[in-house]
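The letter at position 32 of the sequence shown is residue 669 when you use this note's numbering, and the numbering goes up by one with no holes.
Treat the hints loosely; a few may be bogus.
Stated by the list, open to error - The list that follows gives simulated cross-link-like pairs (lysine-lysine, DSSO-like), each with its CA atoms no further than 27 Å apart: (1) Lys925 with Lys894; (2) Lys674 with Lys758; (3) Lys1044 with Lys994; (4) Lys974 with Lys994; (5) Lys1000 with Lys1056; (6) Lys810 with Lys1000; (7) Lys751 with Lys673.
As the list claims (entries may be wrong) - Derived Cβ-Cβ restraints for the label pairs, each shown as a range: (8) Ile1012 with Ser1050: 16 to 24 Å; (9) Thr664 with Asp830: 31 to 39 Å; (10) Asn896 with Asn1043: 40 to 48 Å.
Derived from the structure by calculation, the hints contain no laboratory data. Keep in mind it's a predicted model, so treat the numbers as computed, not measured. Just so it is clear, CB atoms sit at the ideal spot from N, CA and C, and this is done for glycine as well.
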Amino acid sequence: MSDMIEIGILGMGNIGSEFVEILQKQTAEIEQASNKKIQISKILVSNLNKKRNTGVNDNVLTTNPDEIFKNENISIVIELMGGVDPAFEYVSKCLDSKKSVITANKDLIATHGKSLFQKAKSNNVSILFEAAVASGTPIISTLIRDLSYSNINSIRAIINGTSNFILSEMEEKNTEFDDALQLAQKLGYAEPDPTNDVEGYDARYKLAILSSLSFNTEIEYNKLYVEGISNIDSIDFQYAKELGYSIKLLAIAEKDKNNILARVHPTMIDSNSPLAKISGAMNAVEIKENLLGTVIIQGPGAGPSPTSSGLLSDLINILKNSNNVLPSAPSLNNKFKVLNIDYLESRFYLRFIVKDKAGVLSKMSNILGEENISIASVIQKENVNLDDNYADLVFMTYKCTQSSVNKALEKISKLSIVKTLKSMIRVE
638 MSDMIEIGIL GMGNIGSEFV EILQKQTAEI EQASNKKIQI SKILVSNLNK
688 KRNTGVNDNV LTTNPDEIFK NENISIVIEL MGGVDPAFEY VSKCLDSKKS
738 VITANKDLIA THGKSLFQKA KSNNVSILFE AAVASGTPII STLIRDLSYS
788 NINSIRAIIN GTSNFILSEM EEKNTEFDDA LQLAQKLGYA EPDPTNDVEG
838 YDARYKLAIL SSLSFNTEIE YNKLYVEGIS NIDSIDFQYA KELGYSIKLL
888 AIAEKDKNNI LARVHPTMID SNSPLAKISG AMNAVEIKEN LLGTVIIQGP
938 GAGPSPTSSG LLSDLINILK NSNNVLPSAP SLNNKFKVLN IDYLESRFYL
988 RFIVKDKAGV LSKMSNILGE ENISIASVIQ KENVNLDDNY ADLVFMTYKC
1038 TQSSVNKALE KISKLSIVKT LKSMIRVE
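Let the hints inform the model, and build the full structure from the sequences given.
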């Protein structure tokens, strides 16, 4: 084997601790696979006195990041701090110090990816981030290495394992959202504050990364439409099943000439489609490309273990490469306009709670017609969870624009016969 490769690690929280344990247990296998000797030289922590069960010697731990930046023997740094600050500053310093970087930080890559890619290229080192998106799948390396010159038209992805677990529980066990969320938290799939997962923010960061790589352009995450799953009720799954659909939180990006429409929201999809079969905390990414057609990559997506798998994959890739430089990260130099969600053309599932009286359907149908929205089907049923004066009224529309639906909903909201719009779900 060649000379020792020294590794620095930034951060040692839950994911960092598990990764360090796995790295130590699998050192022999990694060295055999890469034909390189490895050693963890320094780990940046916030508290030296915290009790840890990773088996790391105390002299490896430090609270001073300069012990990693300025250590010329460290050639690979693994960033596991999370968040943008100070991670961006620290990763930048590592790249400027000619150290390759591996990160699982989706927030960092979604926010500063292009500048970090350029910095890595100018310093002739690598920045790898397989674990940042769908860490149990090789989607990042596939896009960078295998599909970098492809003409990708669209991606549709289930990239938040927590939300997919919750929706699967609601669909398969007729469970309400709050109960499914509590189970996800009990099993460790959801954080005590689940907002980032259930409101779609986590998936939005990941979609910004996937769409940037797919279309070789810089997509700003805060320009993407996002809508979460917290307003979906179990009865929506019953109606979806009746109509032949399943409900998933999808991250979707579509290219049309010089425009990209990218968004995260609950979506009804054909119950027989491959993505509808992705259950529990699994992730899946569907890519449509001119020559290949449709390609689907799937794997586990929630928890420290899939993240560690993605990190180890990147580490082995760097170690195997003789000069520590893998295929360049994309330039992201293509220019596209990111469209507002109002430009979306889709079918829509609309569920209202309305007064149970004659003429309601006619009045609401007329308003939809005024906005050029054609109705494909209607379901009007008594809801045992409502009092006797109200009922569920469900419209499934033909394809129309989001802006038309918004205008119609504004008019409908003013009708005294309508108590509330309970659900609006786009249909793919």
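Task: Structure versus earlier hints, numbers of those that do not hold, lowest first - done: 4, 6, 7, 10
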